[in-house]
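K.L.:
Protein chains in written order, with numbering that gives the first Met the number 0: chain B, 0 to 427; chain C, 0 to 427.
Keep in mind that the hints are not guaranteed to be accurate.
With a cut-off of at most 20 Å between alpha-carbon atoms, the simulated SDA-like pairs for lysine to any residue come out as follows [what the hints assert, rightly or not]:
id, chain 1, residue 1, chain 2, residue 2
1, B, LYS71, B, ASP105
2, C, LYS25, B, LEU322
3, C, LYS239, B, LEU270
4, C, LYS2, C, LYS23
5, C, LYS25, B, SER214
6, B, LYS420, B, SER338
7, B, LYS23, C, SER214
8, C, LYS420, C, VAL401
9, C, LYS239, B, ASP269
10, C, LYS1, B, LEU322
One side only, chain B facing chain C, incomplete, derived with CB under 10 Å [to be verified]:
id, residue
11, VAL52
12, GLY297
13, ARG318
14, LEU336
If you are wondering where the hints come from, they were derived from the structure by calculation, not from laboratory data. Each residue gets a CB set at the ideal place from its N, CA and C atoms; glycine is no exception.
2 protein chains.
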Amino acid sequence: MKKVSVGLLGFGTVGTGVVRLLTKDKERLEERTGCQIQLEKILVRNKNRARKVLIDNRKLTTDVYEILDNPKINVIIELIGGIDQAYRYILRALKNKKNVITANKDLMASYGEELLLEARTNHCDLYYEASVAGGIPILRTLTDSLASDRINKMIGIVNGTTNYILSKMSSEGLSYEKALSSAQRLGFAESDPTSDVEGLDAARKMVILSHLAYSIPVQLADVSIKGITDVTREDIQFAKKLGYTIKLVGVSEVSNGAIDIRVEPTLLPDLHPLASVENENNAIYVHSEALGQTMYYGAGAGEGPTAVSVVSDLISVARNIALNVTGNHIFIPKKELHSRKDSLVESQFFIRMHMKDEPGSFSKLTDLFREQSISLGKLYQEPIPSSDVAEVAIITHITNKVLFENSFAMLKKLDVVVNAKYFRVERG
Amino acid sequence: MKKVSVGLLGFGTVGTGVVRLLTKDKERLEERTGCQIQLEKILVRNKNRARKVLIDNRKLTTDVYEILDNPKINVIIELIGGIDQAYRYILRALKNKKNVITANKDLMASYGEELLLEARTNHCDLYYEASVAGGIPILRTLTDSLASDRINKMIGIVNGTTNYILSKMSSEGLSYEKALSSAQRLGFAESDPTSDVEGLDAARKMVILSHLAYSIPVQLADVSIKGITDVTREDIQFAKKLGYTIKLVGVSEVSNGAIDIRVEPTLLPDLHPLASVENENNAIYVHSEALGQTMYYGAGAGEGPTAVSVVSDLISVARNIALNVTGNHIFIPKKELHSRKDSLVESQFFIRMHMKDEPGSFSKLTDLFREQSISLGKLYQEPIPSSDVAEVAIITHITNKVLFENSFAMLKKLDVVVNAKYFRVERG
Chain B
0 MKKVSVGLLG FGTVGTGVVR LLTKDKERLE ERTGCQIQLE KILVRNKNRA
50 RKVLIDNRKL TTDVYEILDN PKINVIIELI GGIDQAYRYI LRALKNKKNV
100 ITANKDLMAS YGEELLLEAR TNHCDLYYEA SVAGGIPILR TLTDSLASDR
150 INKMIGIVNG TTNYILSKMS SEGLSYEKAL SSAQRLGFAE SDPTSDVEGL
200 DAARKMVILS HLAYSIPVQL ADVSIKGITD VTREDIQFAK KLGYTIKLVG
250 VSEVSNGAID IRVEPTLLPD LHPLASVENE NNAIYVHSEA LGQTMYYGAG
300 AGEGPTAVSV VSDLISVARN IALNVTGNHI FIPKKELHSR KDSLVESQFF
350 IRMHMKDEPG SFSKLTDLFR EQSISLGKLY QEPIPSSDVA EVAIITHITN
400 KVLFENSFAM LKKLDVVVNA KYFRVERG
Chain C
0 MKKVSVGLLG FGTVGTGVVR LLTKDKERLE ERTGCQIQLE KILVRNKNRA
50 RKVLIDNRKL TTDVYEILDN PKINVIIELI GGIDQAYRYI LRALKNKKNV
100 ITANKDLMAS YGEELLLEAR TNHCDLYYEA SVAGGIPILR TLTDSLASDR
150 INKMIGIVNG TTNYILSKMS SEGLSYEKAL SSAQRLGFAE SDPTSDVEGL
200 DAARKMVILS HLAYSIPVQL ADVSIKGITD VTREDIQFAK KLGYTIKLVG
250 VSEVSNGAID IRVEPTLLPD LHPLASVENE NNAIYVHSEA LGQTMYYGAG
300 AGEGPTAVSV VSDLISVARN IALNVTGNHI FIPKKELHSR KDSLVESQFF
350 IRMHMKDEPG SFSKLTDLFR EQSISLGKLY QEPIPSSDVA EVAIITHITN
400 KVLFENSFAM LKKLDVVVNA KYFRVERG
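Bound-form chain B, shown alone (with noise of 0.2 Å):
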């Protein structure tokens, strides 16, 4: 029986969710791979803190390259996070010979394809489902069952912070704060939100993505991001009165040999499979030429769905241990495709503004849609009680990108509009 003697590198949540799955299911991951399966070493910052699972003390250090450089250890796993470091111990590890599994997306959105690289060159594989939607199998899905069909968009509610937030503010009627507050209480949100609250964390998320599901290149700067701290309550029960949900929502297409990848909040039809997706859950819908649609719905992230995620990662590498093939698997992606020009992205929108409540007010904005050739699709108005201005939502028909902006901006140039956002709306 081949052995695969692991190195861990950090032993936090999820790290220790590792230690737990890989000591209880210790026989069946043997009858699994055909290989014994040891954890040899684990980097930690300080070996005397308490540990939340039985470990030998000897197992532990705090020189990484007792595991790095350690020629009895054949599998890496990096949990440490963070870009810079993280890339420096992996490409030491690859250079080594050792194979890798990661669950840091940061770190695979930026250096992803020099890493695949890399990797292949020594033999060695590189593994990282966790490092997208922790509990949603979905990289091993557009690798293997997807490999002969051809995926051409894909929209996804991929970061669990953020769909929590909406989802408190839609549901229980909060404002962004107070949901943010709730969000950081229950350990949903970090202290400091911002790579998720701006949309960062799950552009990352569409690199990896896209990077596989096209097999191309994808750098992170080919996102076009906004975040969720312009959403207010309002924003959301005008869309819900409507038949709209809004999520932050990732969406990658390709079409005519162009790609655009885009995370913005967009409204989603109700009935879209998307808009019930709740709370910290995730969920990745793909249209592919011969599938269809399908979608995957998990948890988001969390120490248990991360960690199955990395242990299912090291079932692979494993099994490729045993069959001498580690390495085979890696797909380096060749085609190019250039970004998407504005000019080309059709889309609906929908318009929420405070107008003001006088004759006349109301032709002054459908006169200026006639104009610009967009057409409107749903449309709802209540006046605010004592107050001048009503409330208006509108959602309208496909249009142009660049021309619905150039025409938004002279909207709100009109004297009967007091202020007016818009957001992108995906179909049903």
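Starting from the structure of chain B, add chain C where the hints point.
P.N.:
Relative to the frame of chain B, chain C by itself:
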């Protein structure tokens, strides 16, 4: 570059789809597998029939042994369906050391274990992703991604025909008969729909899923099966009034070393993720220890999805051939579980009945339930115009199944009860 020579058994709609994918994506498939994939022979009934894809007539044969015993061919794709013949063909192919891919759920539900064992003995692959929910890569997910987790329950809408019928009865208020004809007209139901509407098709899929999820031998006889022919549009309407949707649901659950597999019309709370799976779509909801709840959603079947699943399996087989590791990924279940006794099953139930609309009739009902220690959750009552009976719909709290069935038998004997029926209710 290694050669993969494919023999195709059956050239109907799925077979045509497979040929189309193999032709269209030849280069991409070679790039992804490292093999040259060649379609060698196709078994047909009639060589002169017009075909929807361009095919060299010399590749067609009516003699199955030209394929099964052909030394050139190393992969057989079985798409003829049925049990006995397919079983003999596949067994012979495996004994001749050919890898096999099948979409045949009837066969796999009956002879899966034996064929998998035969495949392993001969160092051959046997893949059957397309046999369950063609459009959802669920088998691969169970064997790979959830390998380190422990599944304890699966709830599936795994039959597109019945889901289409129930959806139409619910959304358009059609009768069972009209919904069935509509399904037949659109090709979602066979002219003889028995195996679908009686729940047999769904039961076979639950056998295959349970076998993989729990690594145990499962037989069709282990499944308690009830079809949808007794479900009326009134049942659906009254369930709706209490906040539930009726679906043909397969449940497979393991607890305390016992397994319980059932296929029956079941009430799902409207907010349950499976409740919104409409029309011919399928979805499988998996509860596992570490991942928690995940759901996989997609088209139930159809030419496109089934062909993609078959070709995904072919890609896996080709990769294994390239690496010389066929037959290594076959996992034979070992553990034994016994079927859970009904006396241990607990559930909520939905009762629909007509009750005489006279003083005291309701208390006869509630007295009975109190004596039997069954507590009622939701209740809906409405008089039926110009009659002396009222419509009553009840959802019980969780109760023991045997206790419930005994009480229901007593309820039917009450003089105020005109007629009554019940369904199981799945928790949210």
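K.L.:
Any of the earlier hints contradicted here, and which numbers?
P.N.:
1, 2, 6, 11 and 14
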